[in-house]
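All chains should be modelled from the sequences, with the hints used to inform the complete structure.
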Amino acid sequence: MSETPPIAGDFLSLLAAHQVPPLRGDASSSAPVQTQATTVFAFHFTGGVLVAGDRRATAGNVIVTDRVDKVIEIDATSLLAIAGVPATAFEMARVLQTSFEYYRRSQLQPLSLPARVRALARLLRDNLPMTIQGVGVVMPLFAGLDTTITPSRAQIFFYDPLGAQFLAVGHAASGSGSATIRSILSFQEHHGQPKPSEMTLRPAVQFALRLLMVASEFDSATGGVHPESRSFATIKVLQSDGVRTVDADQQAEYLAP
Amino acid sequence: MIEEPFRWLEAMENRREYVREQIKGGSPVFAASLPEGILLLGVGTGNSKVFELFDRHALAGLGHPADIEKIRQAAIDAAHLEAFTRAPEDVSLRRLVSYGLGPQLKTNFEQIFSAPFLVELLLAEVAAQPKQDLLFRLHFDGGFRSESKGVLVAVGLPDPENAAQTWLLQNASGRTDRREVVDLLLQAWWCLTENKSFTENAPSEEERRAGWRTAVKGKVVEMGWLARKTQRSARFEWLTLPGLGFELHDPAT
Numbered sequence: 107m108s109e110t111p112p113i114a115g116d117f118l119s120l121l122a123a124h125q126v127p128p129l130r131g132d133a134s135s136s137a138p139v140q141t142q143a144t145t146v147f148a149f150h151f152t153g154g155v156l157v158a159g160d161r162r163a164t165a166g167n168v169i170v171t172d173r174v175d176k177v178i179e180i181d182a183t184s185l186l187a188i189a190g191v192p193a194t195a196f197e198m199a200r201v202l203q204t205s206f207e208y209y210r211r212s213q214l215q216p217l218s219l220p221a222r223v224r225a226l227a228r229l230l231r232d233n234l235p236m237t238i239q240g241v242g243v244v245m246p247l248f249a250g251l252d253t254t255i256t257p258s259r260a261q262i263f264f265y266d267p268l269g270a271q272f273l274a275v276g277h278a279a280s281g282s283g284s285a286t287i288r289s290i291l292s293f294q295e296h297h298g299q300p301k302p303s304e305m306t307l308r309p310a311v312q313f314a315l316r317l318l319m320v321a322s323e324f325d326s327a328t329g330g331v332h333p334e335s336r337s338f339a340t341i342k343v344l345q346s347d348g349v350r351t352v353d354a355d356q357q358a359e360y361l362a363p
Numbered sequence: 075m076i077e078e079p080f081r082w083l084e085a086m087e088n089r090r091e092y093v094r095e096q097i098k099g100g101s102p103v104f105a106a107s108l109p110e111g112i113l114l115l116g117v118g119t120g121n122s123k124v125f126e127l128f129d130r131h132a133l134a135g136l137g138h139p140a141d142i143e144k145i146r147q148a149a150i151d152a153a154h155l156e157a158f159t160r161a162p163e164d165v166s167l168r169r170l171v172s173y174g175l176g177p178q179l180k181t182n183f184e185q186i187f188s189a190p191f192l193v194e195l196l197l198a199e200v201a202a203q204p205k206q207d208l209l210f211r212l213h214f215d216g217g218f219r220s221e222s223k224g225v226l227v228a229v230g231l232p233d234p235e236n237a238a239q240t241w242l243l244q245n246a247s248g249r250t251d252r253r254e255v256v257d258l259l260l261q262a263w264w265c266l267t268e269n270k271s272f273t274e275n276a277p278s279e280e281e282r283r284a285g286w287r288t289a290v291k292g293k294v295v296e297m298g299w300l301a302r303k304t305q306r307s308a309r310f311e312w313l314t315l316p317g318l319g320f321e322l323h324d325p326a327t
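Taken in sequence, the protein lines are chains A and B. Each residue of the first sequence is one higher than the last, beginning at 107 in the working numbering. Each residue of the second sequence is one higher than the last, beginning at 75 in the working numbering.
Since the hints were derived computationally from the structure, they do not count as laboratory data. Just to be clear, a hint being listed does not mean it is correct.
From the structure, some residues in chain B lie toward chain A, with a derived Cβ separation under 8 Å [what the hints assert, rightly or not]:
| hint | residue |
| --- | --- |
| 1 | 126 |
| 2 | 127 |
| 3 | 154 |
| 4 | 155 |
| 5 | 157 |
| 6 | 158 |
| 7 | 159 |
| 8 | 306 |
| 9 | 308 |
Under 7 Å between C-beta atoms, here's a sample of chain B residues computed to sit facing chain A [claimed, not checked]:
| hint | residue |
| --- | --- |
| 10 | 121 |
| 11 | 150 |
| 12 | 151 |
Keep in mind the model is a prediction, meaning the values are calculated, not measured. All C-beta atoms, glycine included, are put in the ideal place defined by N, C-alpha and C.
See the structure below:
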């Protein structure tokens, strides 16, 4: 019917065959001030991995919006948290969503976790011209279920702008507020009680919301959490049975004294 | 040959006979629109009859596995390209069949020096309301029709298909329970595979029920479900006979 893609089940090959490049790499260094998205982080808790992000996007000193969802469900076993330029990051998320489902449906089996992790690395490498020009830099986090072990276990990966991928043992953070969050997460893991990895869902969500509150005190690009105006975070958890969203109502309930 | 119309017509007829001869023994497949979703059913070897295509779309087919695979792949390619270049909501079964698969199958069928596709297919699209569901019957020669009465069957030969379709429309009407409909479709499957009549001297309901339960031993009843309401964008899920409460005491089924 149609020509076989160069690599079976590879959606990027299919796009290339139809001359639809997913990312464009010919930006000018005189590009306008870019919209940026910060801050995201992920840590292990007793139920799996919690991935959270504030909801602010900025361009220079301008707040563009406080309603961005930076934690994106890629498929039933993968989460992507984006920090950097949303225009590029959302496109990467869309490419991954379509690629993973395309592979699963066409090959009649899900893509392995290492392949999913590398798929994002490949997109970051493809974005290298934009990154080098300082336009379209993306520093994502990726959480995926490793289904090769029983029970399946959620894992966290972080990347550098060139596409190198690293497995995070306990936690990872990205974006302009990440320094604050990494410091607190590291302190809590080494000296706190309970450690993040020993928290159940409710304390883990409370901890995540408080992390964003503190980060927003030191970083104007981090939106923070404001229960009084019902401005919360985007929080998703990846468990052995898949992805679950902790919505604003639940966050309000967990934060209530 | 194109300049000689009678030879052309004869070639087409020979080709049609050849395809039907090749697929007449194929295991029939079914689709049924229910209040909570669309059911697709076939009896095969696992991953051989029923397939997920896209978020709200699925396919069931009989014929040569390699040909089903080519068409399945073409449909998946087209659906995902459409979703990526426009939006997942823009992937529509009507466009996929009318402008994609149908014309491609017709072109292939009329190229008399290449092998025809040995397939008969059903395609389904679940919508927000049952009355908006789409069921398409797609033939090896590119001919297609949509069915609005909620149940559709594909068989390798036209006469048994028409008989089964009429019987199913009469008997599935008003049934909303998924388990009951699965039972009914498997009764029809057994009658078709055993060449039992749907009208004169038709086997009793008890015979049909016992028949399919015996006949599916050692085979896989492949059942796909397109859920109407779900939290996830991908609506397709697999069903099993034990999961629906059928006890067959055979792990293979």
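Hints versus structure:
1. The closest approach between the C-beta of residue 126 (chain B) and any C-beta of chain A is roughly 5 Å, which is under the 8 Å cut-off, so the hint is satisfied.
2. Proximity of residue 127 (chain B) to chain A holds as hinted, the smallest CB-CB distance being about 7 Å (cut-off 8 Å).
3. With a least beta-carbon distance of about 5 Å to chain A, the hint placing residue 154 (chain B) at the interface is held under the 8 Å criterion.
4. Interface hint status for residue 155 (chain B): upheld, as the beta-carbon distance to the closest one in chain A is roughly 6 Å, under 8 Å.
5. The beta carbon of residue 157 (chain B) comes within 6 Å of a beta carbon in chain A, closer than 8 Å, and the hint placing it at the interface holds.
6. Among the interface hints, the one on residue 158 (chain B) holds; its C-beta lies about 5 Å from the nearest C-beta in chain A, closer than the 8 Å criterion.
7. The closest approach between the C-beta of residue 159 (chain B) and any C-beta of chain A is roughly 6 Å, which is under the 8 Å cut-off, so the hint is satisfied.
8. Annotation: interface hint on residue 306 (chain B) holds; nearest CB of chain A at approximately 7 Å, less than 8 Å.
9. For residue 308 (chain B), the interface hint holds, since its Cβ comes within 8 Å of a Cβ in chain A; the closest pair sits about 7 Å apart.
10. At a threshold of 7 Å, the smallest CB-CB gap from residue 121 (chain B) to chain A is about 5 Å, leaving the interface hint in force.
11. This hint holds: residue 150 (chain B) has a C-beta 5 Å from the nearest C-beta of chain A, less than the 7 Å allowed.
12. The interface hint given for residue 151 (chain B) holds, since its Cβ lies 6 Å from the closest Cβ of chain A, which is under the 7 Å cut-off.
Of the numbered hints stated above, none is contradicted by the structure.
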